[in-house]
Amino acid sequence: METRELRYFVAVAEELHFGRAAQRLGMAQPPLSRAIQQLERRLGATLLDRTSRTVALTEAGSVLLTEGRAALDAVDAAERRTRRAALSPTGSPGLVLVTKANASSELLAELLAAYAAAPAAVPVDVILCGPGEQARLLREGRADVALLHRPFDSVAGFHTEELRTEGQVVILPAGHPLTARTDVRMAEISTLPGLPLPRWPAPDGSYPPGPGPQVRDHAQLLQLVALGRACAVSPESCRAQLHGDLAAVPVVDAPQVTTVIAWPPHSRSRAVADLVRTATQLQ
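For the sequence shown, the UniProt record's numbering assigns the number 1 to the initial residue and increments by one for each residue that follows.
Any given hint could turn out to be false.
Stated by the list, open to error - Distance ranges between label pairs, derived from CB positions:
id : residue 1 : residue 2 : range
1  : 277       : 155       : 17 to 25 angstroms
2  : 114       : 80        : 24 to 32 angstroms
3  : 113       : 243       : 22 to 30 angstroms
4  : 24        : 243       : 42 to 50 angstroms
5  : 125       : 182       : 36 to 44 angstroms
6  : 182       : 1         : 57 to 65 angstroms
Calculated directly from the structure, the hints in this document are not laboratory data.
The structure presented is a predicted model; accordingly, all values stated were derived computationally and were not measured.
Note that beta-carbon positions come from the ideal geometry of N, C-alpha and C, so glycine has one too.
Taking the hints into account, I'd like the entire structure generated from these sequences.
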């Protein structure tokens with residue numbers, strides 16, 4: 001299969017409409033239809049069930065959509081990494097690590113220090129992003145490795161190694177009555193008067209409905225908590241970032257958070273392997 005054919009098929013499979021797919025691809029509909037038919041003949045499989053009104057994926061088409069997306073991501077990532085290497089004075093782009101801003105800060109500092117001391121270490125650039133953006137940057141080839149946090153971040157399609165598991169705490173304004181407690185439960189947090197949980201943006205930029213304030217990053221969230229406008233449930237390691245106007249109380253029934261280091265399965269970088277090995281050796 002050619003990359004061009006995969007892009008054509010993925011567009012049709014996502015739109016489930018040849019006209020919209022052709023418009024998205026910037027081409028006429030007849031050659032797009034012929035290209036899909038040629039692909040089906042070559043594979044010996046029907047990828048799309050077509051009627052005069054609808055287009056639907058067959059089981060084989062669903063498989064190719066999943067595999068095609070992964071293949072196209074790998075091609076795009078290879079192009080971006082090649083361009084990075086070409087722009088580097090040494091011909092080596094180093095490594096790009098992406099992580100959510102204000103997450104796993106101590107672990108990240110330990111990892112960077114330990115890796116920098118390794119004999120074959122290369123420069124590491126760190127991208128701090130918003131919630132849920134790490135996986136996209138990794139798939140697009142804009143990053144080589146990522147720190148992800150289960151169960152909040154999807155690790156589907158990546159190779160991973162677990163680094164650390166921890167409980168969660170609720171962050172409250174200092175002096176709030178609950179800060180005198182040794183622990184709380186999620187049911188108590190969800191009904192706190194005047195301190196709603198925040199609303200984070202979805203991948204398309206929209207916010208879910210609810211009474212909580214819309215937030216874009218962790219720093220903004222902590223400021224809202226300090227002002228008495230919200231509360232937040234975060235991994236226990238966030239305690240190190242709290243100032244005197246904030247307090248944290250363990251949440252006994254919140255799911256545990258596991259920090260993993262993730263990288264694309266098609267990566268053959270020795271530097272990535274060395275960084276992952278360093279991460280797994282941290283105590």
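query = Is 57 to 65 angstroms a correct range for the gap between the Cβ atoms of residue 182 and residue 1?
reply = Given range 57 to 65 angstroms: holds, Cβ gap about 60 angstroms.
Checklist line | 42 to 50 angstroms as the expected CB spacing between residue 243 and residue 24, which holds or is violated | finding: holds (48 angstroms)
Verdict for residue 125, residue 182 (Cβ pair) under range 36 to 44 angstroms
Holds: the Cβ-Cβ distance is about 42 angstroms, inside 36 to 44 angstroms.
query: Range hint 22 to 30 angstroms: satisfied by the CB atoms of residue 113 and residue 243?
result: Since residue 113 and residue 243 have Cβ atoms about 25 angstroms apart, the given range 22 to 30 angstroms holds.
Quiz prompt | Satisfaction of the hinted span 24 to 32 angstroms by the C-beta atoms belonging to residue 114 and residue 80 | solution = holds (27 angstroms)
Status of the given 17 to 25 angstroms range, CB of residue 155 versus CB of residue 277:
holds (19 angstroms)
Against the hints set out earlier in the document, no violation occurs for any number.
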